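Kindly produce the complete structure, drawing on both the sequences and the hints.
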Amino acid sequence: MEREIITGVDGSAPSRTAAEWAAGEAVLRGVPVRVVHVTCAEAAADDVVAELLDRHPGLTARGETLTGPPVAALRTAGARGELLVVGVRGRSPVAVGATAAALAATADGPVVLVPCTTDPARRPDRVVVGVDARDPAVDALDFAFRAARRYRTVLHALHAWRLPSNRVCLPWPVPEATRATWEDYEVQLLSDALRPWREKYPDVEVLEDVVLLPAAEGLAHAAGETGLAVVGRRSGTTALALVWHARCPVAVVPS
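This note's numbering applies: residue 20 is where the sequence shown begins, and numbers increase by one.
I should point out that these hints are in silico values taken from the structure, not numbers from a laboratory. Incorrect hints may have been included.
What the hints assert, rightly or not - Label pairs and their computed distance ranges (CB to CB): (1) Ser31 <-> Tyr204: 43 to 49 Å; (2) Ala121 <-> Arg48: 21 to 27 Å; (3) Thr136 <-> Ser210: 30 to 36 Å; (4) Pro88 <-> Arg181: 36 to 42 Å.
All of these numbers come straight from a predicted model, not from anything done at the bench. The beta carbon of each residue, even a glycine, is placed where N, CA and C say it ideally should be.
Given below as structure tokens:
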């Protein structure tokens, strides 16, 4: 794997926003960016490279034109780098687009999906990672801790839990004391899951958060418009729902 960031462009405004975000990330990491355009014309990639070099001093960038189905071409290109960045048009399954959704679901490495409303010149002011406290996604946690350290910001580790299935359909509410006991148990699970990561990254400030919400809803709310949301791909529908609802860049990390 080469130390570079790959970003796919198609001439659209969302793909330009994603390319700008990728360029800023590349400068921060000290790695090159490769702009990939899947088409029969070379102009789009070269134009974007020229714009990125003009706006990001110190950036190393090159363009590449590939042919074939966009998903397959970008997946192949992304496999050679440490990060693949693509743009999405908005907050709905249709707006996310088939290409972005397919890459998030099948790429070999981490994929960052950047909404068109993102300010690409602004680095995330927080990193929010979804944690399954019972079975943490190791690669997603490592990605999130590294990102928080790189951005010098807090890592918000969010564990979403649900009431036991045998209690959800009861005709009476769960007593508050019982719910509090269950929640205390979830809090302890999250603390235990994060302990080795706190030891590995002692310089990263960690905010532990346990919420009784659907995971995607909790992550999108916590990340807001100016954060970076990180989720493991194995979470399946949670990852896709987060991409649909988030107002900030979302990193989907395979295990």
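Is the gap between the beta carbons of Pro88 and Arg181 within 36 to 42 Å? holds (38 Å)
Satisfaction of the hinted span 21 to 27 Å by the C-beta atoms belonging to Ala121 and Arg48: For Ala121 and Arg48 the Cβ distance comes to about 25 Å; the hint holds.
Within 43 to 49 Å: is that where the Cβ-Cβ distance between Ser31 and Tyr204 falls? Roughly 47 Å apart at Cβ, these two residues keep to the hinted range, so it holds.
Taking the beta carbons of Thr136 and Ser210, is their distance inside 30 to 36 Å? The hinted range 30 to 36 Å holds for Thr136 and Ser210, with Cβ atoms some 35 Å apart.
Hint violations for this structure: none, all hints satisfied.
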